[in-house]
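Q: Using the sequences and the accompanying hints, generate a full structural model.
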Amino acid sequence: MCAISNRFKSFYELTPEKFQNKTNGITPRRWLVLSNQNLSNAITEKISEGWITNLDELKKLKDLINNEAFVKNIQRVKQENKERLADWLTKAYHIQINPQSIFDMQVKRIHEYKRQLLNVLHIITMYNRIIKNPNENYVPRTVMIGGKAAPGYHMAKKIIKLVNSVGKIVNNDPVVSDRLKVIFLENYRVTLAEQIIPAADLSEQISLAGMEASGTSNMKFMLNGALTICTLDGANVEMAEEVGNDNIFIFGMTVDDVEKRRREGYHARDIYEKNAELKQAIDQIQNGFFSPENPALFQDIVDSFLRNDGDHYMLLADYEEYIKCQERVNELYRDQTAWTRKCILNIAASGKFSSDRTIADYAREIWNVEPTLQALPNPHEGRPGTQHEGENINIQNEKQKQSQ
Numbered sequence: 001m002c003a004i005s006n007r008f009k010s011f012y013e014l015t016p017e018k019f020q021n022k023t024n025g026i027t028p029r030r031w032l033v034l035s036n037q038n039l040s041n042a043i044t045e046k047i048s049e050g051w052i053t054n055l056d057e058l059k060k061l062k063d064l065i066n067n068e069a070f071v072k073n074i075q076r077v078k079q080e081n082k083e084r085l086a087d088w089l090t091k092a093y094h095i096q097i098n099p100q101s102i103f104d105m106q107v108k109r110i111h112e113y114k115r116q117l118l119n120v121l122h123i124i125t126m127y128n129r130i131i132k133n134p135n136e137n138y139v140p141r142t143v144m145i146g147g148k149a150a151p152g153y154h155m156a157k158k159i160i161k162l163v164n165s166v167g168k169i170v171n172n173d174p175v176v177s178d179r180l181k182v183i184f185l186e187n188y189r190v191t192l193a194e195q196i197i198p199a200a201d202l203s204e205q206i207s208l209a210g211m212e213a214s215g216t217s218n219m220k221f222m223l224n225g226a227l228t229i230c231t232l233d234g235a236n237v238e239m240a241e242e243v244g245n246d247n248i249f250i251f252g253m254t255v256d257d258v259e260k261r262r263r264e265g266y267h268a269r270d271i272y273e274k275n276a277e278l279k280q281a282i283d284q285i286q287n288g289f290f291s292p293e294n295p296a297l298f299q300d301i302v303d304s305f306l307r308n309d310g311d312h313y314m315l316l317a318d319y320e321e322y323i324k325c326q327e328r329v330n331e332l333y334r335d336q337t338a339w340t341r342k343c344i345l346n347i348a349a350s351g352k353f354s355s356d357r358t359i360a361d362y363a364r365e366i367w368n369v370e371p372t373l374q375a376l377p378n379p380h381e382g383r384p385g386t387q388h389e390g391e392n393i394n395i396q397n398e399k400q401k402q403s404q
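Going by UniProt numbering, the residue at position 297 of the sequence shown is 297; the numbering climbs one at a time, nothing skipped.
Source of the hints: derived by calculation from the structure; they are not laboratory data. Do not take every clue at face value.
Heads up, simulated DSSO-like pairs for lysine-lysine below, C-alpha to C-alpha not over 30 Å straight-line [to be verified]: (1) Lys132 to Lys148; (2) Lys342 to Lys274; (3) Lys22 to Lys60; (4) Lys324 to Lys158; (5) Lys22 to Lys168; (6) Lys342 to Lys352; (7) Lys18 to Lys260; (8) Lys274 to Lys161; (9) Lys132 to Lys324; (10) Lys168 to Lys59; (11) Lys18 to Lys91; (12) Lys352 to Lys59.
DEER-style ranges, computed between Cβ atoms [stated by the list, open to error]: (13) Ala363 to Gln336: 41 to 49 Å; (14) Asp87 to Pro174: 21 to 29 Å; (15) Gln336 to Glu241: 22 to 30 Å; (16) Lys46 to Phe8: 24 to 32 Å; (17) Thr90 to Asn275: 32 to 40 Å; (18) Glu259 to Asn308: 17 to 25 Å; (19) Thr44 to Asn287: 48 to 56 Å; (20) Asn137 to Arg307: 24 to 32 Å; (21) Asn287 to Asn54: 31 to 39 Å.
Yeah, the Cβ is synthetic: ideal placement off N, Cα and C, and Gly gets one too.
A: Laid out in structure tokens, this is it:
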């Protein structure tokens, strides 16, 4: 999905037919068939393998949400993936992971607009609740945040430091025990994504509405049976349209809400003063609770929230609704059958987000060519329409060398 800058608005109003957007897609061959073979096999067993090249075939899974054996099989596959990842995380980070916990993941480029800091505020809120009422029956959660910061992006690097610092306090608090763990996934990359996404229960897509062009990590998680907590931003909007609002956790301001709030004047400090849990979390960051060796370490993060023109990405405005939405996540997770049925519905609604559909749309609507299902030749074979069509290029090259 292309983000159209405000400067093009007048041009669009004049000739709207000249403007198009194509929703991004992901390849199911890599992000499900290769990276999550057990889930792929479970799907193929029920609806055959046609979905691998026609992802719309996944819609057939909707008819199986009341099939007890299939629901249990999907639960089993997810749990095995989680146990495998938990073992790896324990070895890699020396942190004991509870594989029965919600595996809550936010993996993407580290940037203020993607609002990893909102996730951190939720982590701190969960931590404070456990410390205040340790005997409550909490739904355990393992929060994983991963991504890279641009070399010169100071605030992004500070966010990474804060995630690690919060994790150090939370993970070593005996009162919390295995009810909450925090891990920053180092050196996030495709090979790591292939390992963690199949094990995800919850996908965090929480950018400020109007900031994200599209995103594709949300699609990868959806295809692998994770539920999504999100704002109505980027491709989240289309995901909600495909799966239905009852099968996705939506919170926060819309684009119109954001614009209205900016026009009327946004004062983050007022929100901070009125919400006790939010105030406690920010005060802990400010007073060095998470950085006792250097209490002022995260002052610039606090300033980004509370200075006169602060909180540009409106984390504080969405905080309360985000926390309440996370409580709905916990409530649903307690009913594993209901949770898994929604996971199946998300997989079934993933067809639109295949890169095959994206490329076909480009072909028909922009390049004015018809897409074809004809298989490409192997890399060493001559391309169709060339003088060496069908020939082995390696042999041709060898003959040329010998004749020289």
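Q: Work down the list of hints and note, for each, if the structure agrees.
A: Hint-by-hint comparison with the structure:
no., hint, verdict
1, Lys132 to Lys148, "34 Å, violated"
2, Lys342 to Lys274, "35 Å, violated"
3, Lys22 to Lys60, "25 Å, holds"
4, Lys324 to Lys158, "27 Å, holds"
5, Lys22 to Lys168, "42 Å, violated"
6, Lys342 to Lys352, "17 Å, holds"
7, Lys18 to Lys260, "29 Å, holds"
8, Lys274 to Lys161, "28 Å, holds"
9, Lys132 to Lys324, "18 Å, holds"
10, Lys168 to Lys59, "43 Å, violated"
11, Lys18 to Lys91, "54 Å, violated"
12, Lys352 to Lys59, "10 Å, holds"
13, Ala363 to Gln336: 41 to 49 Å, "42 Å, holds"
14, Asp87 to Pro174: 21 to 29 Å, "23 Å, holds"
15, Gln336 to Glu241: 22 to 30 Å, "27 Å, holds"
16, Lys46 to Phe8: 24 to 32 Å, "46 Å, violated"
17, Thr90 to Asn275: 32 to 40 Å, "36 Å, holds"
18, Glu259 to Asn308: 17 to 25 Å, "20 Å, holds"
19, Thr44 to Asn287: 48 to 56 Å, "55 Å, holds"
20, Asn137 to Arg307: 24 to 32 Å, "40 Å, violated"
21, Asn287 to Asn54: 31 to 39 Å, "56 Å, violated"
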